[in-house]
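Residue numbers (this note's numbering), protein chains in the order written: chain A, 1 to 543; chain B, 1 to 331; chain C, 1 to 95.
These are calculated hints, taken from the structure and not from any lab test.
Fair warning: this is a prediction, and the values are worked out from it, not measured in the lab.
Even glycine gets a Cβ: it sits at the ideal position worked out from N, Cα and C.
You can take every hint at face value.
Pairwise CB distance ranges, derived in the manner of DEER restraints:
#	chain 1	residue 1	chain 2	residue 2	range
1	A	520	B	78	41 to 51 Å
2	A	53	B	113	28 to 38 Å
3	A	53	B	13	51 to 61 Å
4	B	59	A	479	27 to 37 Å
5	B	200	C	62	50 to 60 Å
6	A	53	B	59	29 to 39 Å
7	C	60	A	396	55 to 65 Å
With a Cα cut of at most 20 Å, we get these calculated DMTMM-like pairs of lysine to aspartate or glutamate:
#	chain 1	residue 1	chain 2	residue 2
8	A	265	A	446
9	B	48	A	43
10	C	93	A	305
11	A	451	B	56
12	A	250	C	82
13	A	492	A	172
14	B	48	A	172
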Amino acid sequence: MAAEGNAKPAKKLNLKENYALLTRGLGWEPSYEKKEDIFRNVDFEGVVIHDWDKWEDPFRLTMDAYWKYQGEKERKLYAIVDAFQQHNGQFNVTDARYVQALKVFINGITELEYDSHRGFNMLAREFPGVGPRIAAQMQSLDELRHATTQIHTISQYAKYFTGMNEFPYQFDRVWYLSIPKSFFEDAVTSGPFEFIVAISFAFEYVLTNLAFMPWMSGAAFNGDMATVSFGFSAQSDEARHMTLGIEVIKFLLEQDPANVPLVQKWIDKWFWRGYRLLSLLATMMDYMLPKRVMAWNEAWEIYYEQNGGALFADLARYGIKPPKRAPETIAEKGHVAHQMWSVFYANRDAVGFQMWLPSDEEMAWMSEKYPDTFDQYYRPRYEYWKAQEAAGTPFKNSTLPQLCQVCQWPCLFTESGDPTTLSLRESEYQGQTFHMCSDGCKDIFDDTPEKYVHAWLPVHQIYQGNCFLPGVDPTAPDFNPMVEALRYMGIKPGVDNGDFKGSADATNWEKWTSRPANIHEGAYTDAVRDTASTADVTARKAG
Amino acid sequence: MSVEIRTKGVKPLTNSFGHLQRRFGDKPATRYQEATYDIQSTANFHYKPLWDPTREMFDARRTAVVMKDWYALKDPRQFYYGNYTTTRAKQQDAIDRTLDFVEKRDLLRSLSQDARERIIHAIVPLRHYEWGANTNSAHVAAYGYGTAITSPAMMNTADRLGMAQHISRIGLLIDGNSGDALLAAQALWTDHPDWQPLRREVERLFVTRDWFEVFVAQLLVADALVYPLFYQHIDGALGGGGSSALSSLNDHLLRWYEETAKWIDAVIKTAAADSAENKALISGWVQTWRNRLAPALQPIVQRVLGNQADDALASVLAALDARAAKLGLSL
Amino acid sequence: MATTSTQPVFIALQANNDTLPIIDAIRQDNPNAIVHDYPAMVKIDCPGRLVIRRETVEEHLGRDFDLREIQINMISIAGNVDESDDEFVLEWKTH
Chain A
1 MAAEGNAKPA KKLNLKENYA LLTRGLGWEP SYEKKEDIFR NVDFEGVVIH DWDKWEDPFR
61 LTMDAYWKYQ GEKERKLYAI VDAFQQHNGQ FNVTDARYVQ ALKVFINGIT ELEYDSHRGF
121 NMLAREFPGV GPRIAAQMQS LDELRHATTQ IHTISQYAKY FTGMNEFPYQ FDRVWYLSIP
181 KSFFEDAVTS GPFEFIVAIS FAFEYVLTNL AFMPWMSGAA FNGDMATVSF GFSAQSDEAR
241 HMTLGIEVIK FLLEQDPANV PLVQKWIDKW FWRGYRLLSL LATMMDYMLP KRVMAWNEAW
301 EIYYEQNGGA LFADLARYGI KPPKRAPETI AEKGHVAHQM WSVFYANRDA VGFQMWLPSD
361 EEMAWMSEKY PDTFDQYYRP RYEYWKAQEA AGTPFKNSTL PQLCQVCQWP CLFTESGDPT
421 TLSLRESEYQ GQTFHMCSDG CKDIFDDTPE KYVHAWLPVH QIYQGNCFLP GVDPTAPDFN
481 PMVEALRYMG IKPGVDNGDF KGSADATNWE KWTSRPANIH EGAYTDAVRD TASTADVTAR
541 KAG
Chain B
1 MSVEIRTKGV KPLTNSFGHL QRRFGDKPAT RYQEATYDIQ STANFHYKPL WDPTREMFDA
61 RRTAVVMKDW YALKDPRQFY YGNYTTTRAK QQDAIDRTLD FVEKRDLLRS LSQDARERII
121 HAIVPLRHYE WGANTNSAHV AAYGYGTAIT SPAMMNTADR LGMAQHISRI GLLIDGNSGD
181 ALLAAQALWT DHPDWQPLRR EVERLFVTRD WFEVFVAQLL VADALVYPLF YQHIDGALGG
241 GGSSALSSLN DHLLRWYEET AKWIDAVIKT AAADSAENKA LISGWVQTWR NRLAPALQPI
301 VQRVLGNQAD DALASVLAAL DARAAKLGLS L
Chain C
1 MATTSTQPVF IALQANNDTL PIIDAIRQDN PNAIVHDYPA MVKIDCPGRL VIRRETVEEH
61 LGRDFDLREI QINMISIAGN VDESDDEFVL EWKTH
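Could you put together the complete structure from these sequences and hints?
Structure, rendered in structure tokens:
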């Protein structure tokens, strides 16, 4: 309909124009207060930005479009979560070992999503440019979504299985959860540019595909409808975040040549820190999925060596090199999952989930997937431990391991070229000696020792007596420091930890589902015996 | 594989997470509770923030307000990401139909030039006020303590971007998508004397560091003056030119404001009731910012409402004072 | 705009009814694309550049399609993104 007095019809806006009009120009140059008093955190890192308007928004989402598409995703996701809960979907997974992986997820990963949400919120406040502020806001909101949907999904499991019921409490206290906790706190306590390079680029762009694509596909393969649904739904946000990651890098590198060495340093640091964090997923993929989609070394080849290779080839034009410690990750790819599982197994009385030795079927798979390493280094160890279990003298570690001052993993990794020698490094700072697990972590410590000396290293804290609940008397005759430390961490000794076989989870699983708790070992209890007959009856009726 | 019949009789080991049981007893928890309570880390922080080395990464000392339990500040709307997003998507659907209706019939473009200029002068610059509110709300979400307050603050941050873009669309409906109205409005916001006192206060909020003070000043005081003044009083005055189209677009802002006020009120009321110190502190902030913002709004209100301006200002101030009293504050 | 890079880009989509026409459109417009099926996920690799064209998706879908709808079912991507009303492009710009 033509307007009177306004003969020219309204212009039709395309996506880019519409986005530009609705975002750019919202900000203004302040004149009543100084810009450096408003945005106080963008100068101290030494990054040089000449023109914030040069920022390119890859996904041109206005808020209305954000609500529309995210609302659609949420409706779809919660329809599945509702159905999952109503139909007791937690019993449809392959076996109860799979659930142990979800314990690692809710206790170790969900709070990272939350910290990420808060970290991006700080950027959403502190970046002077409108474009990056909006990108950070949307990502912050997305990260809140991820924490929320994980809690809502896994809460159904937490009602029926042990060790998932105290995730915020445990995240702040359990010794091995300081690995993820310290990772994100390291990023959030950095400056805003280091944070965004660390999380958006090094972690999300370079590394998270590797973890989440094969892992979530594995969840689907093991019948976990709920986890694969939140996982893939979250990844669809992640695709936007990864694009933010690469835009950040290009923006920083194009703004000023002085930014190149800083960005390179952060890529080197956070690639290594992220890699160490995700090694947890290496062991989850190879050992905790009863039915496996892909081995860790294959995932590393596809998602780091191939895709990372393409990415760093693209960034070479700015003078950016692949991460300094990438060769170590390639050298370790045949070892890391096995070394980690071994340490968890040995320390199974001190962790919040239950452990088992790989079955013959699983070891055959590992021999096939890891032809250069498994039979030579790890099969003999597992067979020895199996024999010890059979003899009634199972192997256990009675002391807590030495932790790396930077990544906070136990110093369990071996030298790149020598899988029989533990990799141990140390540095002196202000007259004290600090221990690291690798050259990658030593690089990071040596660059900023004044930061890493503050790390809250749980094993040190336990031995210093800082990890006991109020009222505990370390001088009492029956005082057991290990049990008391576990109580402080929120782990129930004899329930949450120890051997999978005989655990409450395994026993309940067989009682409730009539299916074996470990599909590779057959039934642990009598509850499973009638499965065959029930299945026969069902099959006959269906036929 | 389908579930065996016998699982129907399985009773859960526990009805909700431990931290929720300790707060609410052993019973099923709502999704709002699951997503909100005790989620933020509180202990064993690893490093000193480079941007605030004397405090922890999350630290209750970033405001002078002290709460016995920061999770007392609950959101009566019970928003978590899912119901927040689907609620906003539904509301956006409705306003999209209005926007479409106004656009197809050129309802704002067909107004007289004088009426169009009055809207550009009096309404469109508020897109910058909303962007300022977005910054301030982001400050609360970033540095606030406890998920109960920071999550809805995050949602409010997104809402304010949405409102800035909604107001921008009003500009585009006037200028036929050329963007001229937005440029004109920006010049008004940065240079015209009618708007400078308000911009001065918005910028003063950008350098206010106590996040609870920012919450009070922006979300309680500033919004309580700006929303009814512009979207009721000034809307009515601009409507003299027959622009009910404008009112239907402003109505979206008002409805949002009314919904959000429930959250703001619950937070203020609970915090003020927690201690006499909190009550005094918050009351003082309301007083201070009320006394800054009311005169800051005077010129633009005067310009549009003329001799009605004083009455309009007095009425919104009276409403704010009554609201503050109801929330347990003493001004 | 052509790219000379042959480094792989990819897009991964949820395997469901909504993505079938998108995957068909990708196959049609990207003869070099290789489609991998995983549990619940389809990953499509392509050397250098991969394009999703709105018109082609609409042909397969039988209705209007907004390219931003891809986001609902997208799991991951690799490559630089360029999105317009008509095309969603992933590419590496290396020479």
